[in-house]
Amino acid sequence: MPDLLLELFSEEIPARMQRRAADDLKSLVTNALVEAGLTYEGAKAYATPRRLALHVAGLPSASKATREERKGPRVGAPEKALAGFLRGTGLSCIDEAQIQSDPKKGEFYVAVIEKPGRDSQDIIADIMPGIIRSFPWPKSQRWGTGSLKWVRPLHSILCRFGPETEEPEVIEFEVDGIKSGATTYGHRFMAPDQFEVRRLEDYMAKLEAHKVVLDADRRKDIILHDAKNSAMALGLELVEDEGLLEEVAGLNEWPSVLIGSYDEAFLQLPDEVIKLTIKENQKNFVLKDPSTGRLSNKFALTTNIEASDGGSVIIRGNEKVVVARLSDAKFFWESDLKTRLEDSLPKLDSIVFHEKLGTVGMRVHRLVSLASEIAPLVQADVTKTARAAKLAKADLVSATVYEFTELQGLIGRYLAQEQGEDNDVALAIENHYKPAGAHGDIPAAPISIAVALADKLDVLAGFWAIDEKPTGSKDPFALRRAALGVIRLILENDLRLPLRDLLVQALRRNLAHMASHRGEEAVASLPFLGKGDFAGNAVQEFFNFVRNSADKVLDSVAEKVGETSFEHAVIDDLMAFFAERLKVVMKEKGIRHDLIDAVFALGGQNDLALLVKRAEALGALLENENGINLLAGYKRAANILRAEEKKDGAVFDGTPLKELLSENAEVVLFEAIERANAELAPLLAQEDYAGAMNALSALRGPVDLFFVEIHVNAEDSGVRENRLKLLSQIRDAVHQVADFSKISG
Amino acid sequence: MTLDAVSANNRATTPAYMDPTKSFQGLLLTLQHFWADKGCAILQPYDMEVGAGTFHPATTLRALGPRPWKAAYVQSCRRPTDGRYGENPNRLQHYYQFQVILKPSPENLQELYLESLRAIGIDTALHDVRFVEDDWESPTLGAWGLGWECWCDGMEVSQFTYFQQVAGFECKPVSGELTYGLERLAMYVQGVDNVYDLNFNGREGEDKITYGDVFLQAEQEFSRHNFEYADTEMLFRHFKDHEDECKRLLAFSEKAKDEAGDGLHKVVLPAYDQVNKASHVFNLLDARGVISVTERQSYILRVRELAKACGTAFLETQWGGKEPVSK
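Residue numbers (the working numbering), protein chains in the order written: chain A, 1 to 745; chain B, 1 to 327.
Careful: at least some of the hints might be erroneous.
Estimated spans, in silico, between C-beta atoms of each pair [stated by the list, open to error]:
#1 B:G212 - A:Q268: 27 to 35 Å
#2 B:L216 - A:E406: 31 to 39 Å
#3 A:S261 - B:L216: 29 to 37 Å
Which residues of chain B face chain A? A few of them, derived with a C-beta cut under 7 Å, are [unchecked claim]:
#4 P104
#5 S105
#6 Q110
#7 D128
#8 F131
#9 L146
#10 P173
#11 V174
Please keep in mind that the hints were generated in silico from the structure rather than gathered at the bench. Since the model is a prediction, treat every value here as computed from it, not as a measurement. Note that CB positions come from ideal geometry on N, CA and C, so glycine has one too.
Using the sequences and the hints, build the whole thing.
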């Protein structure tokens, strides 16, 4: 079976695009082959800085001929039907169709569509130009006088096809003046010659001889192996970095590793600063001392050539650049050390956080008061929490964070430690950005938790207030991540918090800031207020509240939160967003989303931990037979109630009268509900949801019996009403635990 | 003879004080010579303050339209915010770029570039030269292109760009632009760590003139000027004046075009000068720290609008390809 070998040789392809491009090339070509009727046994794509290559093994030499019969309208059918048939089958006139007959239908037309098999070579030559022209590069360019777009100028195309035993053919095609051929080129500096290639093994071997390692994974192995060995020889350890490794493998066709060093004086810098300086600017790896865990003054660089002097000039050059960069970093770090974090705070007043939500300075003010309120709820020292919140953003105006944004928080922590802040405070400065996502570290220290929560609640409430919510794939302010962070902080630390009340507090602080800095009109013109009922009165109500208690809003620990109707609307919406995020989290833990809905639907949910406990217990209940039958009984009761309530235009929600219960099954159910209610109250108060579910499941037998024995719509209207009230008692009892109507199945 | 042998040979015949590895001016002259050999017109720096060699009309405007063009020149660049009072070993508010523009970009542009490195003493068998992704975008010129920063042993020594758009117009044909950071390259080939220690004229002893001898005082004085003394009120006024003048000239140019009846704009290059002036004034205001973050964006947009208007008008001139030139 013949193989196909394709190579697209160009100027340097950005490292970050190479792997994806190889995958795209493979799927585009193989899909087009299959579409054209060519099957294949296997395909593999490769990328280097200067070439994309594809090998497709086990192709037939031609596609099979196909014959298809398509039935058409009966003979003598209207003109319109015939025209449609011709169009659909590609026949030019109806005489080209055959006539067949059938005892039922009579005579009708049949079109025989025959497609001859085609040589694979022709097929490949046909599909390639289109694939090259429309290749999905993230960014592409034209060059010279041409119109072709490629990631960087494309220079040559190698395309050969043939069985292993014969000399493969060149598949000839042309794209914007570039003709496919049988040759390629070697390494840019070490073996730039043009040479002929036949098939994959030949291609790889010749590339190797011309100082090109085709396979990116092998280049990665070479770099990793070399770097590790070089480090070990020095008694050091490579600090591995998969992203960096992938990138440097995309910058070299013939990689080798050299070791450079810099003055030990730079080791006074935080390790993270050294590592980023060397990684971001120079794309080099750092080495650490295994005995101390700290960085050493050595780094590993990759080079694309085997230099004639063994690399000493290259090492010297790289060292020079590394030293220059580290000198800059050292200058920044030393000037940061001289400035107390506290003294940087005024600068935060001139950094706009968001046009509508004010400056970072205002945000810090809100964080201090919100975190102070959270502190006692998570057993954190209030004074220290307030201190940490106050300093949390101060490093944003440091020179080091200006250079390396991703070190925000960490630099603040180091500076705080250097400046003698309490260690827990320093730690909270670093941790308040956490968790970074679905799997990032979760702070566990109380002060860190308090500030981390305040940071996220403030952002969520603020953006909700100005109606900048995530939509579809757009979430420019990472609000989904913030909500997920809150959920993880609460659940993984097993926290009991009045989430809803805290969100109201956060919202109130945002709105009050907005009103005091941008005027009340700014608040009154918020998009949220334009919707539904939130005109006039609600706004007035809110401002009266703010005016009467402005100090309280910003600086005191909340008493019981009373929501204005505007706040109520915003927070309801935000809580619904939390419910959605929670479903995503719970799905990973195997908890059905409808169970979360069933608990949320009870309304007034304030405490995520309880909510999850309830949902978990509910999940357990619905796994046994009692639970499933109880759910069925509940649904039956609810359906009957709904229908009858609608018919009568009345609500049957009173207590049934015991004296009207005539049948045994009624009495049994009535007593069972009384018993269950009596048991549920203390269990729910103790948050023993498993116990509550158990108490509830005792209803299953009586409910089943009731539906077997009892005809609800009795002749006697009093008895009927009493029985309906009994049904509503089932509903009420169950609703103490969850809204079963939201549960599917 | 191999290319390396040619350049080695060239070096052997030039006097030591012109050696690009020993003399700043030698480096500069070697590059001029090299690109003169490749058919470029060797221009002199544009006679006004610009932030980069790209702003020279020989690049910005000539990259527009269908006409072929080859030029190379040294351009002094002013970046007021980069001033460090002469105290930083490699940051300057005034420095040189060597700029090459080839339109259309030739097939072997990368090879030509590497050849030019060899000509100034960078042996590619000893040094690790790499093309690392770096897309270029100039918000003030409404321009972008794709290319690389060129690394020599981990140090960025040049920018290499295929222009895709200038002044909001597609470049057809595409120009290839090379920008060499001359001070950085010279520091590298001379093996010097402080820019002010560069040997400028390649002489030794009493005859030696260093980069510091030429520029240190200027760096100190201009840093003071840019950060402390420049009259901001005057600058705000000038920005507006240049903006107005650019618009006025373009309007006049438009009118002259219609009056002459030949469809050709008549006063585009003078209008474009005003764009460069406005742009430099903006950079000074930025250095003086009197432009807020939000204002900043609007100033950039205002300069871009002017640049775009000039680009549009340039396409309706003879150089812009509106009518064929008889040779």
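Against chain A, run the beta carbon of Q110 (chain B) and see if the smallest gap drops under 7 Å. 6 Å, holds
Just to be sure I understand the hint, the distance between the Cβ atoms of L216 (chain B) and E406 (chain A) should be within 31 to 39 Å; is that true here? This hint holds: roughly 36 Å between Cβ atoms.
Restraint check, 7 Å cut-off on beta carbons, for F131 (chain B) near chain A: 4 Å, holds
Outcome of range test on Cβ distance (G212 (chain B), Q268 (chain A); 27 to 35 Å): 30 Å, holds
Under the criterion of a CB-CB separation shorter than 7 Å, is P173 (chain B) in contact with chain A as hinted? At about 4 Å, which falls below the 7 Å cut-off, the nearest Cβ of chain A leaves the hint on P173 (chain B) intact, so it holds.
Is the hint on L146 (chain B) kept, meaning its closest Cβ partner in chain A is under 7 Å away? 4 Å, holds
Should the hint that V174 (chain B) touches chain A count as held when the rule is a Cβ pair under 7 Å? 5 Å, holds
How about S105 (chain B): closest beta carbon in chain A under 7 Å, or not? 5 Å, holds
Quick check on the hint: D128 (chain B) CB to chain A CB, less than 7 Å? 4 Å, holds
Hint P104 (chain B) vs chain A: min CB-CB distance below 7 Å? 4 Å, holds
Is it true that S261 (chain A) and L216 (chain B) lie within 29 to 37 Å of each other by Cβ? With a Cβ separation near 32 Å, S261 (chain A) and L216 (chain B) satisfy 29 to 37 Å, so the hint holds.
Checked against the numbered hints listed earlier, the structure breaks none of them; every hint is satisfied.
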